[in-house]
Amino acid sequence: MQGWLTVPNTQGRVVSLDELDSEFSESVVKAGRGKPSVCFQCGTCAASCPIMKFDETYSPRTIIRSAVLGLTDRLLKRDLIWLCAACYSCTERCPRGVRPAEVISTIRNIIARKGYIHQSLKMQATAIVRYGRLWKDEEFVNEIRGDMGLPPISAVDLQEVAKVLEHTKVKELLGEQDAEDKP
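Using the working numbering, you'd call the opening residue of the sequence shown number -14 and step up by one each time.
If you are wondering where the hints come from, they were derived from the structure by calculation, not from laboratory data.
Among the hints, a few may not be true.
Said to hold, decoys possible - List time: in silico SDA-like cross-link candidates among lysine to any residue, alpha-carbon distance up to 20 Å:
hint : residue 1 : residue 2
1    : K107      : I96
2    : K62       : L158
3    : K99       : T111
4    : K99       : V155
Just need the whole structure built from these sequences, with the hints factored in.
Put into structure tokens, the structure is as follows:
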């Protein structure tokens, strides 16, 4: 007989044990940032989360539970993991010291190393690879800064940026093709 488990927010769907990724779950716990396994699903994190005001389907509680159970596909198939604003409201209010914001950051790092990076982050990282910042047009920005009485921004040393990106392996995470594509 195949094992099964009912998981919250699956519309009562029974989850097969085959769907659980114990390696993923262990890697989240072993990362040592936060304590997801002590979460008792009280909902304090969800009630504190400002993102839930904009998207009712987002819930730090559900993300933590999915990670503990090893529901990797659930975290990868939806973009919810990338919505966390890292405001730490959940972490400040958690009665068990789970540190949900840190657990979510850990999950993002783990799934990024597996090759899943949200498209918006890829676009930002690609801009940094190309321009050394998120935008290309320094003239326009400096004009606005001048109107505000601010000094101009300095030019970016792209060789220095390349060294940092090489050291942090950003191009590997993006895939060399994504990082090198020219507009």
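Just pull the numbers of the violated hints for me, sorted ascending.
-> The structure conflicts with no hint, since it agrees with every one listed earlier.
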